[in-house]
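Chains as they are written, first to last, in the numbering used here: chain A, 1 to 393; chain B, 1001 to 1184.
To be clear, the hints were calculated from the coordinates, so they are not data collected in a lab. Bear in mind the structure is a predicted one, so any value in this text is a computation, not a measurement. Worth double-checking, as some hints may not be accurate.
Claimed, not checked - Simulated restraints, written as ranges between beta carbons of each label pair: (1) A:Pro276 - B:Asn1128: 53 to 59 angstroms; (2) A:Glu315 - B:Val1121: 20 to 26 angstroms; (3) B:Ile1105 - A:Ile30: 41 to 47 angstroms; (4) B:Cys1117 - A:Val202: 25 to 31 angstroms.
Claimed, not checked - From the structure, some residues in chain B lie toward chain A, with a derived Cβ separation under 8 angstroms: (5) Ala1094; (6) Pro1102; (7) Ile1105; (8) Glu1169.
Note that CB positions come from ideal geometry on N, CA and C, so glycine has one too.
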Amino acid sequence: MTAADPVNVRLGQWQRRALLVGIAGVLIAIAGLLLEGWTQFLRSYLYAYMFWTGMGLGCLGILLLHHTVGGKWGMVIRRMCEAGARTLPYMIAGMIPILLSLPVLYIWARPEAANDPIIHGKAAYLNIPGVVARSIFYFAVWTFYAYRLSKLSTDQDASGDASLIDKMRALSAPGLVIFTFVTTFAFIDWIMSLEPHWYSTVYGAMFLIGQVLESFAFVIALVIVLSSRSPLREYMTRQHLHDLGNMMFAFMVLWAYLSFSQFIIIWSGNLPDEIPWYLNRLRGGWGWVALSLVIFHFAAPFVLLLMRGIKRHGERLLKVCLMMLVIRVVDVYWIIEPAFYGQKIQIHWLDFVTPVAIGGLWIAAFLWQLRSRPLVPLRDPRLEGAPRETVAF
Amino acid sequence: MLETRATGQVEIYGLMAEFDNPESLLAAAERAREAGYCEMDAYTPLPIEGLAEAIGFRRTLIEKIVFAAGLLGATGGFMLCWWMTVVAYPHIVAGRPLNSWPAYIPITFESMVLVSCIVAVIGMLMLNGLPQPYHPVFNVKEFERASRDRFFLCIEARDPRFHTDATREFLESLKPLEVMEVES
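Using the sequences and the accompanying hints, generate a full structural model.
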């Protein structure tokens, strides 16, 4: 994008605004840190950090999926996904406060954990050097895929070489498997281990699919807003919107399927080492949060995204995307925060500040990355050709 | 409604124009619609974005029927489970209440999918008139390429604006490869 490009100018305005909001949020969060103490700050920080890191991870996941299976639906959102994935290395900085104070958040990192036989049995995996080393490894893998795919994509802009499509696919297909494994372990280390007695094998997939869903909501909302201007105006068709809406619908249903699978298995078993996770999340007011998830994370979007008239209509789909983004924050909150508060809902004012603070900075970094390349992969033959043809293939 | 007009000895079903690319077909369909034709159909080897709207695609009842069937299936599945575990065979299992609704959800979901799929297939066949062993468009020899590399637009004789000569002239003006009469 050239500096004078009207889209670039507009994105630059958003970037400055997001940065200002982020800085203001960080200042308020620091005030909260001084007023409320390190423990409360980190608790509020962790979920917001996971939400926004997940935004980058979801973008990387969509990108790997798109390169693996192809499809014109991915062409209009590819640059957004690449930019989102390239924010991941910056999130390492956000991980530092968590890694430096693991014992504040994680029971297993405290010295008295040695007396707990269950945690002691997991100490070979769950220990401070292990988690720190693995966190660095996770970010290294994500950064590699984000930058390698972006590099190939930029090369394609320069040369238009069709063999680069195969190269990206050859990288992405095994990458998708590696990404899913690595990300599952990351979520086990960072959030599942908040309750170290408990475990669930579907947890990583459930959380990851949720993150992909939020990234879909974010990039779809962004392309809808940008599709009124060049260059997206020339490439976006109603069929693109329809397909993207279907993708979001599919991931929403997959999230519901995985979440409900975990619930029904643990609920049926009703075993003392498994059921507390749900007791912590259904009692003492948390049940209302869970109910709001059932309604706004599944039932409402399920009915809305079934309707053709919504998926093919930008403004309506935009509203569904915004609803998904809000309810995704609630879901991440509901999964992470009850670990600290047990069977009593506690919402702290810092919980509202941290997502805005990190979100402002993340969006600024995202837009900065987005502006560094053309908004659509101009030389990819799948973007050109007949825009009238269906985009499903 | 099915009105046919005679041209010489042969009753015709309509006039068909053949195109060699999807853009021409789409443009032709749009022009025909602007010219006031409403009873027409397009035949292509691949789905073309916007073509259904161009030939006057109308929303059908099928989506509402399937939605109702889905609701019915879900309700039926749930009530079946409820009736079995609460009314017919009330056993306490693992200390849970008789109406343990989370256990019903998989059955509820599956019966919703089952009933709506069956109704969707049967309803679709009933509404679109398939299977149809005879269709006049196959009387045109060139039509076999509709499943390979040619694109056809057929304006049907039952269209109120249909007139053998005027419609042929109109179709010729769209610059097709050829305009053919479709015998009924």
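Non-conforming hints, listed in increasing numerical order: Violated: hints 2 and 8.
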